[in-house]
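Enquirer: Sequence:
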Amino acid sequence: MNIAQRIAKRTSPFYSVEFFPPKEAAQQESFFAEVAKIQAINPLFASVTYGAGGSRQDATLDIVARLKRDMG
9 MNIAQRIAKR TSPFYSVEFF PPKEAAQQES FFAEVAKIQA INPLFASVTY
59 GAGGSRQDAT LDIVARLKRD MG
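Going by the working numbering, the first residue of the sequence shown is number 9, and it counts up by one from there.
Hints are computed from structural coordinates only; laboratory data are not their basis.
Predicted model, so just to flag it, every value in this text is computed and none were measured.
No residue lacks a Cβ here, since even glycine has one placed at the ideal position from N, Cα and C.
Among these hints, one or two may not hold up.
[As the list claims (entries may be wrong)] Here are the simulated lysine to aspartate or glutamate pairs, EDC-like style, with alpha carbons at most 20 Å apart:
hint : residue 1 : residue 2
1    : Lys45     : Asp66
2    : Lys31     : Asp70
3    : Lys17     : Asp70
[As the list claims (entries may be wrong)] Pairwise CB distance ranges (calculated):
hint : residue 1 : residue 2 : range
4    : Glu32     : Met9      : 32 to 42 Å
5    : Asp70     : Asn50     : 36 to 46 Å
6    : Ile11     : Arg74     : 16 to 26 Å
7    : Glu32     : Ala73     : 32 to 42 Å
8    : Arg74     : Asn50     : 23 to 33 Å
9    : Phe22     : Lys76     : 11 to 21 Å
10   : Ala12     : Glu32     : 12 to 22 Å
11   : Ser38     : Gln13     : 18 to 28 Å
12   : Ile15     : Leu69     : 37 to 47 Å
13   : Leu69     : Thr19     : 32 to 42 Å
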């Protein structure tokens, strides 16, 4: 189901979140620790900004894949 379909099915307010990937690979574990905390609000969907604020563009796909695999 895509995002538009998820939104269309909703009859109540929802949360969505946007993540900015960490600039350094060493920051990834703390990034995912924070993501785990955000799961508590059960966002309908999340987006990951590609190469924002000097973050490594090459790591964005890896981060998205891990978010999908580990967080659904």
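Enquirer: Now look at each hint and say whether the structure bears it out.
Expert: The hints, checked one at a time:
no.: 1; hint: Lys45 - Asp66; result: 25 Å, violated
no.: 2; hint: Lys31 - Asp70; result: 13 Å, holds
no.: 3; hint: Lys17 - Asp70; result: 29 Å, violated
no.: 4; hint: Glu32 - Met9: 32 to 42 Å; result: 34 Å, holds
no.: 5; hint: Asp70 - Asn50: 36 to 46 Å; result: 24 Å, violated
no.: 6; hint: Ile11 - Arg74: 16 to 26 Å; result: 19 Å, holds
no.: 7; hint: Glu32 - Ala73: 32 to 42 Å; result: 19 Å, violated
no.: 8; hint: Arg74 - Asn50: 23 to 33 Å; result: 19 Å, violated
no.: 9; hint: Phe22 - Lys76: 11 to 21 Å; result: 19 Å, holds
no.: 10; hint: Ala12 - Glu32: 12 to 22 Å; result: 34 Å, violated
no.: 11; hint: Ser38 - Gln13: 18 to 28 Å; result: 33 Å, violated
no.: 12; hint: Ile15 - Leu69: 37 to 47 Å; result: 25 Å, violated
no.: 13; hint: Leu69 - Thr19: 32 to 42 Å; result: 34 Å, holds
Checked against the numbered hints given earlier, this structure breaks hints 1, 3, 5, 7, 8, 10, 11 and 12; the rest are met.
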